[in-house]
Amino acid sequence: MAMAVDSMVLFVAVALLFNLAASQSTAKYTNHTVGGPAGWFYNINTKKTSADYSAWAAKQTFNLGDYLIFSTNTNQTVIQTYNETTYRNCSMDDASDDDTFQYQGGSNEFGEAMTVAVPLTIEGPQYYFSDADDGVQCLNGMAFEIKVGHGMGLPPSLNQPPPPPYVEPPSTIEAESPPITVVTSHPNGGGVRSSTGLFLVVSALVILVLHLV
89 MAMAVDSMVL
99 FVAVALLFNL
109 AASQSTAKYT
119 NHTVGGPAGW
129 FYNINTKKTS
139 ADYSAWAAKQ
149 TFNLGDYLIF
159 STNTNQTVIQ
169 TYNETTYRNC
179 SMDDASDDDT
189 FQYQGGSNEF
199 GEAMTVAVPL
209 TIEGPQYYFS
219 DADDGVQCLN
229 GMAFEIKVGH
239 GMGLPPSLNQ
249 PPPPPYVEPP
259 STIEAESPPI
269 TVVTSHPNGG
279 GVRSSTGLFL
289 VVSALVILVL
299 HLV
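Throughout the sequence shown, residue numbering follows this note's numbering, covering 89 to 301 in sequence.
Please note: incorrect hints may appear among the correct ones.
Quick list of simulated restraints, FRET-style, between CB atoms [unchecked claim]:
#1 F198 to S142: 39 to 45 Å
#2 K116 to Q248: 16 to 22 Å
#3 D186 to A126: 31 to 37 Å
#4 F198 to K147: 18 to 24 Å
#5 G237 to F198: 35 to 41 Å
#6 A126 to Q190: 27 to 33 Å
Honestly, the hints are just simulated from the structure, not real lab data. Every residue gets a Cβ at the ideal spot worked out from N, C-alpha and C, and that includes glycine.
Generate the whole structure from the sequences, applying the supplied hints.
In structure tokens form, the structure reads like this:
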């Protein structure tokens, strides 16, 4: 009976390990195409977006290491922020440099196709919008919010320390300037004057003695 129980425990343990290994092998990071096939677009004539982005986001599960893929063109912008006030205002005007970021497609041409990939590297709520047309696009639905879970954590490719801050190199004039020499202060010629005065006094005494002799 004891052998049968031990065999059953061993079987259950092996089954659990197998299921755990299988679940880990099937887990993966996800690329989320924002808006699905409709992409990230705004029609300036109808003042409508190509998708309901809030409804799209509500159906997704976002985790660290995933990417948001914005299939769009240069008529729209992609703003990522962790500041809800910036999101509600549909503007970067009062945003902080460390909580709001604008992703560029590398071109200033109007209407040029571009794809923007945004990595999800911080857990918790974050917000996305287009501030084009002075925020009108955002006000008309070019905006959504998501909540990022931990999932499998960041992959090594994204789990890197930030680069050191940039330091402006010295200008040519500064680089060629000789080092400054620091001189300790002494009384100006005080020692010389004292020695000269003593010499004059001694000389006068010698002359006086010779004159008396």
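Taking the hints in turn, this is what the structure says about them:
For the pair F198 and S142, the supplied restraint of 39 to 45 Å is violated, since their beta-carbon distance comes to about 27 Å. For the pair K116 and Q248, the supplied restraint of 16 to 22 Å holds, since their beta-carbon distance comes to about 20 Å. A hinted range of 31 to 37 Å for the beta carbons of D186 and A126 is consistent with their spacing of about 32 Å. Taken as a hint, the range 18 to 24 Å is violated for the pair F198 and K147, whose Cβ atoms sit roughly 32 Å apart.
Hint check: G237 to F198, Cβ distance near 38 Å, so the stated range 35 to 41 Å holds. Checked against the hint of 27 to 33 Å, the pair A126 and Q190 fails, with Cβ atoms roughly 22 Å apart.
Violated hints for the displayed structure, listed by number in ascending order: 1, 4, 6.
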